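These protein sequences, in sequence, are chains A, B, C, D, E and F.
Its first residue numbered 1, the first sequence is counted upward by one per residue in this note's numbering.
Its first residue numbered 1, the second sequence is counted upward by one per residue in this note's numbering.
Its first residue numbered 1, the third sequence is counted upward by one per residue in this note's numbering.
Its first residue numbered 1, the fourth sequence is counted upward by one per residue in this note's numbering.
Its first residue numbered 1, the fifth sequence is counted upward by one per residue in this note's numbering.
Its first residue numbered 1, the sixth sequence is counted upward by one per residue in this note's numbering.
A few of these clues could be false.
In silico SDA-like pairs for lysine to any residue, Cα to Cα no more than 20 Å straight-line [stated by the list, open to error]:
# : chain 1 : residue 1 : chain 2 : residue 2
1 : D       : Lys29     : F       : Trp72
2 : B       : Lys114    : B       : Gly88
3 : C       : Lys209    : B       : Gly88
4 : C       : Lys30     : D       : Asp234
5 : E       : Lys29     : E       : Leu196
Derived by calculation from the structure, the hints in this document are not laboratory data.
This structure is a prediction, so every number in the text was calculated from the model and none was measured.
There are 6 protein chains.
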Amino acid sequence: MIEVQPLDPVMVDSLRRITTATLTTVLLKKGLRNVWMRGTRPFQPGQQRAVGRAFTLRFISAREDLATPASWSSPISTRAAIEAMPAGCICVAGAMGVTDAGIFGDVLCARMRKRGVAALVTDGVVRDSEGVLSTGLPVWCQGTTAPASVSGLTFVNWQEPVDCGGVAVYPNDVVVLDQDGAVLIPAAMVDEVVALGQEQERLEGWIMKRVNNGAPLPGLYPPNAENVAAYEADRALDL
Amino acid sequence: MIEVQPLDPVMVDSLRRITTATLTTVLLKKGLRNVWMRGTRPFQPGQQRAVGRAFTLRFISAREDLATPASWSSPISTRAAIEAMPAGCICVAGAMGVTDAGIFGDVLCARMRKRGVAALVTDGVVRDSEGVLSTGLPVWCQGTTAPASVSGLTFVNWQEPVDCGGVAVYPNDVVVLDQDGAVLIPAAMVDEVVALGQEQERLEGWIMKRVNNGAPLPGLYPPNAENVAAYEADRALDL
Amino acid sequence: MIEVQPLDPVMVDSLRRITTATLTTVLLKKGLRNVWMRGTRPFQPGQQRAVGRAFTLRFISAREDLATPASWSSPISTRAAIEAMPAGCICVAGAMGVTDAGIFGDVLCARMRKRGVAALVTDGVVRDSEGVLSTGLPVWCQGTTAPASVSGLTFVNWQEPVDCGGVAVYPNDVVVLDQDGAVLIPAAMVDEVVALGQEQERLEGWIMKRVNNGAPLPGLYPPNAENVAAYEADRALDL
Amino acid sequence: MIEVQPLDPVMVDSLRRITTATLTTVLLKKGLRNVWMRGTRPFQPGQQRAVGRAFTLRFISAREDLATPASWSSPISTRAAIEAMPAGCICVAGAMGVTDAGIFGDVLCARMRKRGVAALVTDGVVRDSEGVLSTGLPVWCQGTTAPASVSGLTFVNWQEPVDCGGVAVYPNDVVVLDQDGAVLIPAAMVDEVVALGQEQERLEGWIMKRVNNGAPLPGLYPPNAENVAAYEADRALDL
Amino acid sequence: MIEVQPLDPVMVDSLRRITTATLTTVLLKKGLRNVWMRGTRPFQPGQQRAVGRAFTLRFISAREDLATPASWSSPISTRAAIEAMPAGCICVAGAMGVTDAGIFGDVLCARMRKRGVAALVTDGVVRDSEGVLSTGLPVWCQGTTAPASVSGLTFVNWQEPVDCGGVAVYPNDVVVLDQDGAVLIPAAMVDEVVALGQEQERLEGWIMKRVNNGAPLPGLYPPNAENVAAYEADRALDL
Amino acid sequence: MIEVQPLDPVMVDSLRRITTATLTTVLLKKGLRNVWMRGTRPFQPGQQRAVGRAFTLRFISAREDLATPASWSSPISTRAAIEAMPAGCICVAGAMGVTDAGIFGDVLCARMRKRGVAALVTDGVVRDSEGVLSTGLPVWCQGTTAPASVSGLTFVNWQEPVDCGGVAVYPNDVVVLDQDGAVLIPAAMVDEVVALGQEQERLEGWIMKRVNNGAPLPGLYPPNAENVAAYEADRALDL
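So that you can see chain A by itself, here it is in the shape it has in the complex (with noise of 0.2 Å):
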């Protein structure tokens, strides 16, 4: 079973600082297309971002000889690899998209917040969504349902590479959770990322107060060499 690392807290709290939407462009200038999963959206209005690294779930569908309420005793089932998370992990469990089985409700959710887990996200769907709300944990999700996982999926284990809303999600890379979603970053490239997002972040910035004051796109956005210039002037001065 792969270890957890834990993230750098000086990481954690850069990446709170970048959006979503800046990472993604700053992976697709670096080559990643496909980072972003697909049916994952944040169970409340306004729940905070997170960060953190996977700690992965892995689901496929529901046979009735596996997938059963007996199955929830098993050395090998949900409760087990709850009982793994280090506090700070980012809980991504892969659902194949399915919307009509829940994979997690109340009592799960709260025993996972207990664990210190930063947040749980899917493509697929909680159940009993006033219990999971009261529990306080962050959950991206494509909605709520009510039957059990076990109507509809079978729990295969934890800490394996698993497809989530269309992305390959490895434990320990990183994700990034706000208002648009999740997205990955691949283990090797945070620093670089974080790097490159932090400057696309300032440089939007100061894009944006342009455009706030009448100015027209081309040339702007993106900056010609004119704006370039412009731009590392002011940022020279810290404006």
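Starting from the structure of chain A, add chains B, C, D, E and F where the hints point.
Chains B, C, D, E and F in isolation, oriented as in the chain A frame:
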């Protein structure tokens, strides 16, 4: 035409206190995995739970010679169907998941409300969302649209077996609605499901307390022999 | 390039008072069943109605040699398109229903707002949802995403006929937006549709009063000869 | 239960000579755009055309307490429905487009063939494809599967209005089947559609000759006044 | 890595004589409704039946830093997986239903054939269809495409539980393939399913004879007490 | 209107000998992953390969006031578009994947054939399949239907950039068609792609021989340094 059986108010009251999540768990243990209607959500956040017997409506695709404004005056019309609805029923409209033709708008919802219909559930959509909300009729649906039903659907009849969101609904089956959507209980199983559901709610409450006190999940949820004994002891003391 | 015709402010004002539900009923009676753009919802609850002539944008799928950050500086770019938009127009962006590439973020929406664009409608999504909301531009779309347009779409041109949500939109057609979404009125039919729509709204208001007073639906909605006479009598008295 | 009206053999013979492509063109000119059943193809390449009145079957989603092998012995079963089918009818089975539960296998198809059913049409699938082919019953469907109907569908009844492939089919409507699929002609329009269809076939034959001789399309297809005159002259001479 | 258990040749021989349609009926009666892999068809019409234990491959979505031509040389690659396949196994490749990236072409299929793999089953597609057909490897899939696997998929590993066409497949489960597609038999149930399947085939043959002689269906299929007695009498005589 | 550039016959001849599978591998190595048009298959099994420059047609959704039989006589019509097609071109019709309205039938295909069009490719469907096949025009499409284009589509124009099956196609791009479907080569990259494709075909042939002789895959496909040397030695000897 099938007569609508009133649902015992005691039963209504009991079902209001059991979540649809719990009901689906109980039904799964009885062998029913397919009782949650896909694509129906509360139309207004925070809408109250509703319980009642199903009064069904059936729609099929539109045909330009049948699905016309003139059809609204026919003896077989949604208008006539509404006049046949008894107070307390849940109107279940099978609309084949169509999202670009609204089965009802403000006028029809207002009339259903006047007749004491407990709620409207559909795998389709309503139209004139502001008007519908102003009637106060609780609605579970996929959302809202502008076009009338006849632009995409032909109304066939009422009180026939229908498919709503991939669930087979027969007149007089019981429907329970909450934030997680709409769940069907077959008419013949209602008493047993209520009894099991009440017990399941009690057990989950007991488990949740322990989780909130920091107990790990394995052995607790579901409970092993030791925890079953502890639960039963507490239950005897009504804790 | 097609010149944008201004829409008479009197017409704008009249259309603001007719719901899209009523407009689709009127258009259906004129033989048009396909005028509601699928997959576009108000981006913010409670957004005000908007009316204007369509200014169209066309996107197709991304090709890595065409859909690049560098393309944002091209003379044929979304930036250039925005500079061609006249005040009061509705920007209709045909994005093939793509939900994993956001056509616009905060900077472009801010510029559209500055230029007096009445609203943005798309069957795709926007990105940087907090930024977009902060610009105050009214948006109808499928939702939000993180990735930029070029990660999934190639911008082709503006003021061409486009498909938006399964509706054929030509430059200068009129678009009306409310809580039920976006409805197209062919440019040649605007005067007639407004006249019929005003009358339909008046009739529906009269019917709604009777329903609220307990009248049953058959014979009332739609009205039979007797109710037509009653309505016309009341109308003559301006009741 | 609706009685099945026999279709005049002369009419059957006439309809066998008109393609479904021509019939849809004629029906479009009469205002009907939605008469072609989506998802039904000839099960065997080169299958002969079939024509007859619709005898309908209706399926909804499976519910484990209803859709059981025991249900096959019920008085309301596909078995009983087949025994009610008259010779020459077209069995139209509305199966909600389900492709993972086969509505019929070899035994039922063999019995339908024995009873003189002209063809089976469904927006679902059959099962045991080799067995079905060996019965010789002409079938239009989405394909084949292994599981039985009850693993995904509940049989409701026969001779009700049904939705088949997005088309509203009423008992006694006429269905025509060829390589392009299945087209519905409303019962009340059959005579007119046949007359117009025969004339359309004649005209298209005349046009095709000219195209084969190298004539360009504009002015020819559809014919302008000059070509209409030429066609009518040739037609008078029976060329 | 899970060792592959050989399947007894007698069992292979027995299963070759039972259709997948019959197997699904038997499994349904044992409570398993979800054993048929959606989206897998014989790649060549008339392909012979195949039977064997599952050897699984798992793919997830492509990520540009992982799914590269260079990855084909990695120790964890489809190439290495093929070299681990034992003769007689059925390769079951879970490809998430992706149809625009072909998991294997002619070279890999040729090598699988050389190694004695009994068949390839996938809910995805192959590529270079002429080349694949020329290898003689029996394939069940959704069809064919031109692009390589890495244009849409990342290969993860072999001999893990996988989802193939909505069915949970574990290494060493048994897979049976015929014209109706691919059916899974859980490893623990094979003996019982074969016994029941042989009996079901015998009964269905007896029924089919009666249908061919003109017997009506009710009471015969399924047989009532009288027909059960008749069947058992005939069976005792081996008729 | 964009002039159609003829494609050098030598280039056509070279491209006829490279499979679309090989072309997509070459294009992937150049950074293009999205060049295969989804949903287009050879309409007739065994259809010969075709190569040519794209001549594009664009369709959007039907609107009842625009998509009429009368529109077939308009100067902007499919008829006029066909008369503008040069011999040797590949007609690429972007039909938004619509499968219930056939873009062309026998008459239009016959005329295209007369004009020397090399092939028709569409992500939609044709109609009157027997008629279309009888014209001999090679067609790649999703299949066949009965209804005319105007029942679901509005024709917009020709020689514009179009989306065909999720691929951005510009006039004069090169299209190659075989049993695996339709692949686009950007106009600017044709020479390089042909050179690389020829080399790739040669290498794959060399590898296939080794596989057929029993060589294992690792180190061979793709070749490691040793096998690259062996290949180059053989290549120098033209083996």
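Hint check:
Between Lys29 (chain D) and Trp72 (chain F) the CA atoms are separated by roughly 13 Å; this keeps the pair inside 20 Å, and the hint holds. A threshold of 20 Å between alpha carbons decides the hint, and for Lys114 (chain B) with Gly88 (chain B) the separation of about 11 Å falls inside it, so the pair holds. For the proposed pair Lys209 (chain C) and Gly88 (chain B), the alpha carbon gap of about 24 Å is over 20 Å, so the pair is violated. Among the hinted pairs, Lys30 (chain C) with Asp234 (chain D) is inconsistent with the structure: their alpha-carbon atoms are about 38 Å apart, more than 20 Å.
Taken as a hint, the Lys29 (chain E) and Leu196 (chain E) pair is honoured in the structure, with Cα atoms around 10 Å apart against an allowance of 20 Å.
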